[in-house]
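Visitor: Listed here are the chains, written in short residue letters.
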Amino acid sequence: MKQKLTSSVQIILLLALTAVGLTGQSYPGKPKIIRCRSLEKETFSCWWKPGSDGGLPTNYTLFYSKDSEEKIYECPDYRTSGPNSCYFDKTHTNPWTTYNITVMATNEIGINSSDPQYVDVTSIVQPDAPVNLSLETKTSASIMYLWARWSPPPLPDVSSNSHVYHYELRLKPEEKKEWETVSVGVQTQYKVIRLQAGVKYVVQVRCVLDLGEWSEWSSERRIQIPNGESPPEKPTITKCRSPEKETFTCWWKPGSDGGCPTNYTLLYSKEGEEQVYECPDYRTAGPNSCYFDKKHTSFWTIYNITVRATNEMGSNVSDPHYVDVTYIVQPDPPVNVTLELKKPINRKPYLVLTWSPPPLADVRSGWLTLEYELQLKPEEGEEWETIFVGQQTQYKMFSLNPGKKYIVQIHCKPDHHGSWSEWSSEKYIQIPPDFRVKDMVVWIVVGVLSSLVCLIMSWTMVLKGYRMIAFILPPVPGPKIKGIDTHLLETGKSEELLTALGCHGFPPTSDCEELLIEYLEVEDSEDQQLMPSHDNGHPSKHAKMISKETDSDSGRGSCDSPSLLSEKRRESRALPSTLQTQDIRDAEENKGGRRSWETQCIASEQKILLFNNESTKSSTWPAAQLPNNQPPMFAYHSTIDAHKITLSTTNVNIAPVLVGNEEKHQSQYPITETVHDNMEKEREMEYLHSKTDQTTVQVKQSRPNDKSPFLNPKLMDYVEVHKVRQDEETAVLLKHKENSGKTEKYTVPGTSKEYTKVSTVVDHNILVLIPDSRIQHTFVSQEPTMEMAQNLQQGQAEKNMGYCLPVPSECSRETSGSEYMDPSSFMPSFK
Amino acid sequence: CHTSGMLTPNGKEYAQKIPREELTHLILRLLQAWKEPLSHFNQHIEHHQELPDDSLSKAKQISNMVHELKTGVEKSMGIISNSLNGVASSEAAGLSISNEAHMMSDSDFIHCFRRDSNKVQSYLKVLKCRIMPENSC
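Protein chains in written order, with UniProt numbering: chain A, 1 to 831; chain B, 1 to 137.
Rather than coming from a laboratory, the hints here were simulated on the basis of the structure. You may find that some hints are simply not true.
[To be verified] Okay, the calculated bits of chain B under chain A, using three or more residues with CB under 8 Å as the criterion:
hint: 1; stretch: 18-29
hint: 2; stretch: 34-42
hint: 3; stretch: 124-132
[Said to hold, decoys possible] Residues from chain A that face chain B, not an exhaustive set, calculated with beta carbons under 10 Å:
hint: 4; residue: Glu246
hint: 5; residue: Gly272
hint: 6; residue: Thr301
hint: 7; residue: Asn304
hint: 8; residue: Asp324
hint: 9; residue: Tyr327
hint: 10; residue: Ser365
hint: 11; residue: Leu368
hint: 12; residue: Glu373
hint: 13; residue: Gln375
hint: 14; residue: Phe388
hint: 15; residue: His411
hint: 16; residue: Lys413
hint: 17; residue: His416
[Said to hold, decoys possible] Listed below are the simulated EDC-like cross-link pairs for lysine to aspartate or glutamate, each with C-alpha atoms no more than 20 Å apart in a straight line:
hint: 18; chain 1: A; residue 1: Lys234; chain 2: A; residue 2: Asp293
hint: 19; chain 1: B; residue 1: Lys128; chain 2: B; residue 2: Glu68
hint: 20; chain 1: B; residue 1: Lys128; chain 2: A; residue 2: Glu278
hint: 21; chain 1: B; residue 1: Lys125; chain 2: A; residue 2: Glu383
hint: 22; chain 1: B; residue 1: Lys17; chain 2: A; residue 2: Asp293
hint: 23; chain 1: A; residue 1: Lys405; chain 2: A; residue 2: Glu383
hint: 24; chain 1: A; residue 1: Lys71; chain 2: A; residue 2: Glu136
hint: 25; chain 1: A; residue 1: Lys294; chain 2: B; residue 2: Glu13
hint: 26; chain 1: A; residue 1: Lys270; chain 2: B; residue 2: Asp108
hint: 27; chain 1: B; residue 1: Lys125; chain 2: A; residue 2: Glu278
hint: 28; chain 1: B; residue 1: Lys125; chain 2: A; residue 2: Asp120
hint: 29; chain 1: B; residue 1: Lys128; chain 2: A; residue 2: Glu371
A virtual CB, placed ideally from N, CA and C, is assigned to each residue, including glycine.
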């Protein structure tokens, strides 16, 4: 039985197969749903793709069911969405349901169905792309923009227009790859502003519903952006010039052309005429210019000139320019600049520069008269020297340096209104160097002679150097005290020395301090005080010293012997107390403001009175600065080794010795007055030997002072001597008796005299000073030194009258009148 | 300008074409036309306090110069006798012209004077080079 069945089946199968094989027909292939889409959430469509049709006409049917319902519906509309599609309209679409869709393909032979497709309407929403995209370029407020418009995607159901789409637009220049996307919103138009002119843009747009996906991009639209076109800007007329006062040209400067080709026209009218003309010649003078030839040029009339710029978008006119040709003449530079070197006989050669006026200028008829100007400078120089030449066309140059190279330029201008032309091209001048034989010979001779002289001098120096030096700079003589060995002096205290000098107990040993005298005040009423101010033994010593000054060999007076001076110039040197070597020194050299000046007496081999002049400080009188409130009459620092000036009571004129510096307003000197002089002596001073390195000044008083026998009893004035301690600056203040209250001037009205002349030296230790009327009260210059010198020589015929010349550099500050006279120089027995 | 009515050559060629006498007469007429207005102007500005003193003196100086120039031209051209007629007629014309001149403002006056003096200068130079060409012409 079974065998019969299987075989029958096999036969049937075979028959079927052969039938198939014979006819090529079979049941249809399986369709496939390719897509389901909703355009607007209210309808949707599905498309399928058929399989093979099996050779027979195939019918396709779509069946769907909703959610989990059992009921199966068939597609309501196969046509709307096109072939192989099914359109579900509103009534059949539920947004919130899931559709189970299958497609069945049926043909005569069999049926085949696709796989089921689950579709949720909300998830398949995708609108169509917008349509009707149109592009336009528009200009608004001179800004160019692109205006894009489109329509929303069409719907089969026209009625449903209430959908709100959101749009997106994208554009790019045609050649570029990057899109620029812009979100538009719900509008169906959009204006794009940032556009490049002259570029072709491609634009697309797409839309989306509130849910779902973006539609496809619409088809591309292209648009060409034109170059921004605008009317041109206003041109400006820059200048008008006439080169020869017969024609003229005007130039203008165009503004921006607004993107389009622009035309320029120049229009003018003349003064007094209404008619407007156009420029006769645009070309001759170049672009943007107008050339007026002779026919069109009138003088002494004002032209009203304007330029108009025109392009497709509009036109614009420049401001009017008024011009009168007479005033705008600017010639060309001169030409034919030539140089000629002329060498007249017996004179220095000179250069002649010639030129000619520019070719166009008609100077011959006098219509245009030119003036010229030169500009000259050496080649390496910085500044030009301008020379106005006038109307001539040549110039002679005399003052150029031979051998140098010069550059010269010329320019011209009309003699009346007008402007200077450009400078002509540079012309180089090379002056041939002028070697004068004579000059060279002179220089050679001079050189030879000077070298000879130098040789001779050096030879002499070598041979006799010492003597010459000695001749020029005489050495300061050493002390030559008879009976005293210089070595004794050098060794300091020495009994022998002292005894030789006749001093007792000098130098003081233990009572140095006592000897330091604060100050010496010498006043009439204080005669007695003066002496007591000295130390006990002092006066007597002084007296003794004074009286026993008998060494005739020594340099007496205020100047110490040179060796001593040199030794003891320092502040703290031991002072051999010799009368001769008495010095009034200023131990303190620098007291603020004090001046200790150094005067170097240049008296040939005389004793020199040395003052250390300290000029660094202000030259106010130390009095002012002394802590002690001395009436600052006179203060001086002197490093006079030994000088004692005593006044003699003899009938010799006693000239005061000016010891200190004299300020201009302090004419204070230590002056000793002569007895004979009944004039008011200003002051007198006596220099005491200082035991130590202090300056002691003994002031003579006008009243007789028995303690100081050397004081001039007749002296009317006194000097107040202020002596300061050693550690301070020693100063001696001399004060005029009369002006005891004063601290300033010493001026004695009328007969104030300065005793600056040393008339003689008495007793080898007394300096006689005389007043010198020639000497001004206030010395303000160095002159008085010379004066004094003269005076000295004038008066009593002193021998050996020397004078102390202050060392110029130092003493220049001094007011004169305060030089020390070297008393020693007046000592006849001196040397 | 009150002298605008005068027919004057406007360029070099015209100036060179005019015969000498006519040019001379023209120059003299111009100078004459300014004589009176200048003096009137001087009187006018004397009352101007704000002008500096040297302006006033300069104006006077210019009037004198114009007068001297006129005299000089007359003399050099030897036209003294001939110009009597011309002067008379130009005097008459000058009077009417000078009325016009009084109406001008100061700046216009100066502008016109500058122009006319330039004219006179140019004509004289042309004349000079015509008569005496060797002297820097």
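Visitor: Against this structure, judge whether each hint is valid.
Guide: Tested hints:
1. Check on the stretch 18-29 of chain B: 0 of its residues sit with their Cβ under 8 Å from a Cβ of chain A, so the three-residue criterion for coverage is violated.
2. Counting residues of the stretch 34-42 of chain B whose beta-carbon sits less than 8 Å from any beta-carbon of chain A gives 0, not enough to reach three: the coverage restraint is violated.
3. By the rule of at least three residues with a Cβ nearer than 8 Å to a Cβ of chain A, the coverage given for the stretch 124-132 of chain B holds, with 6 such residues.
4. A distance limit of 10 Å between C-beta atoms decides the matter here; for glutamate 246 of chain A the minimum to chain B is near 6 Å, and the interface restraint holds.
5. Interface hint status for glycine 272 of chain A: upheld, as the beta-carbon distance to the closest one in chain B is roughly 7 Å, under 10 Å.
6. At its closest, the beta carbon of threonine 301 of chain A sits 7 Å from a beta carbon of chain B; the interface hint therefore holds under the 10 Å criterion.
7. The restraint placing asparagine 304 of chain A at the interface with chain B is violated, with a minimum CB-CB distance near 15 Å, outside the 10 Å limit.
8. Interface restraint check for aspartate 324 of chain A: the shortest CB-CB distance to chain B comes to about 7 Å, inside 10 Å, so the restraint holds.
9. Using the Cβ-Cβ criterion of 10 Å, the hint placing tyrosine 327 of chain A at the interface with chain B is satisfied: the shortest such distance is roughly 8 Å.
10. Interface restraint check: serine 365 of chain A against chain B, minimum CB-CB distance 5 Å, threshold 10 Å, status holds.
11. Using the Cβ-Cβ criterion of 10 Å, the hint placing leucine 368 of chain A at the interface with chain B is satisfied: the shortest such distance is roughly 8 Å.
12. Among the interface hints, the one on glutamate 373 of chain A is violated; its C-beta lies about 17 Å from the nearest C-beta in chain B, farther than the 10 Å criterion.
13. At its closest, the beta carbon of glutamine 375 of chain A sits 22 Å from a beta carbon of chain B; the interface hint therefore is violated under the 10 Å criterion.
14. With its C-beta approaching chain B no nearer than about 16 Å, phenylalanine 388 of chain A sits outside the 10 Å limit, and its interface hint is violated.
15. The criterion of a C-beta within 10 Å of any C-beta in chain B is not met by histidine 411 of chain A, whose closest approach is roughly 19 Å, and the hint is violated.
16. With a cut of 10 Å, the hint placing lysine 413 of chain A at the interface with chain B is violated, because the nearest CB-to-CB distance is about 15 Å.
17. Here the hint on histidine 416 of chain A is kept, as its CB sits about 6 Å from the closest CB of chain B, short of 10 Å.
18. For the suggested pair lysine 234 of chain A and aspartate 293 of chain A, the alpha carbons sit about 26 Å apart, so the restraint of at most 20 Å is broken.
19. Of the supplied pair hints, the one linking lysine 128 of chain B and glutamate 68 of chain B holds, its CA atoms being roughly 17 Å apart against a limit of 20 Å.
20. Proximity of lysine 128 of chain B to glutamate 278 of chain A is assessed by CA-CA distance (about 37 Å); at most 20 Å being required, the pair is judged violated.
21. Our distance criterion of 20 Å between C-alpha atoms is broken by lysine 125 of chain B and glutamate 383 of chain A, whose separation comes to about 36 Å.
22. At roughly 19 Å between alpha-carbon atoms, lysine 17 of chain B and aspartate 293 of chain A fall within 20 Å of each other, so this suggested pair holds.
23. Between lysine 405 of chain A and glutamate 383 of chain A, the direct Cα distance comes to roughly 14 Å. Compliance with the 20 Å bound is thereby established for this hinted pair.
24. Simply put, lysine 71 of chain A and glutamate 136 of chain A have alpha-carbon atoms about 55 Å apart, too far for the 20 Å limit, and the pair is violated.
25. Between lysine 294 of chain A and glutamate 13 of chain B the alpha-carbon distance is near 9 Å, which keeps this suggested pair within the 20 Å criterion.
26. Proximity of lysine 270 of chain A to aspartate 108 of chain B is assessed by CA-CA distance (about 18 Å); at most 20 Å being required, the pair is judged to hold.
27. Distance check on the hinted pair: lysine 125 of chain B and glutamate 278 of chain A sit about 33 Å apart at the alpha-carbon level, beyond 20 Å; violated.
28. Of the pairs offered as hints, the one joining lysine 125 of chain B and aspartate 120 of chain A is violated, with about 110 Å between alpha carbons and a cut-off of 20 Å exceeded.
29. With a C-alpha separation of about 17 Å, the suggested pair lysine 128 of chain B and glutamate 371 of chain A falls inside the 20 Å cut-off, and the hint holds.
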